[in-house]
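Generate the whole structure from the sequences, applying the supplied hints.
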Amino acid sequence: CKYRKKLLVSRQISDDIKQFSYEICQRHSVIIRYMETDRDHIHYMIETEPIMSISKIVNLMKSYTTYHIWKRYPQYLRKQFWKEHTFWTDGYFACSVGDVSEEMLKRYIENQG
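Residue numbers (the numbering used here): -19 to 93.
Treat the hints with care, since some could be wrong.
Keeping only pairs whose Cα atoms sit at most 30 Å apart, straight-line, the calculated DSBU-like set for lysine-lysine is [what the hints assert, rightly or not]:
hint : residue 1 : residue 2
1    : Lys86     : Lys(-14)
2    : Lys(-2)   : Lys42
3    : Lys63     : Lys(-14)
4    : Lys36     : Lys(-14)
5    : Lys59     : Lys(-14)
6    : Lys42     : Lys(-14)
7    : Lys(-14)  : Lys51
8    : Lys42     : Lys63
9    : Lys42     : Lys86
10   : Lys36     : Lys63
11   : Lys86     : Lys36
12   : Lys(-2)   : Lys86
13   : Lys63     : Lys(-2)
14   : Lys86     : Lys59
15   : Lys(-14)  : Lys(-2)
16   : Lys36     : Lys51
17   : Lys(-2)   : Lys51
18   : Lys36     : Lys(-2)
19   : Lys51     : Lys63
20   : Lys59     : Lys(-2)
No lab work stands behind these hints, which were simulated from the structure alone.
Okay, here's the thing in structure tokens:
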């Protein structure tokens, strides 16, 4: 989350972010294998064909989830961000599965939060 705000502590917001993530990924043939939130960020393990760049996928997910979370919680988010219509930071980290097993990544993601 922007400014490392602990907005994903709320189970409802966290669950909504997950649902919005599934929705946008399904529209673009991106499969979320595993997903878990921590207090101020989210971990995904996704599967996709190499037809769309990772940066495009991240942009779609951040844009879609921000738009819909603001529609659902406008008063709460205004208290957090004032006039700035934001939710996520600009950066992200992505890597491909290589030196670690899928099971290790799954356990890591599931143990977040």
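**Message:** To test your reading of the hints: which numbers does this structure violate?
**Reply:** Of the numbered hints given earlier, the structure breaks just one, which is hint 14.
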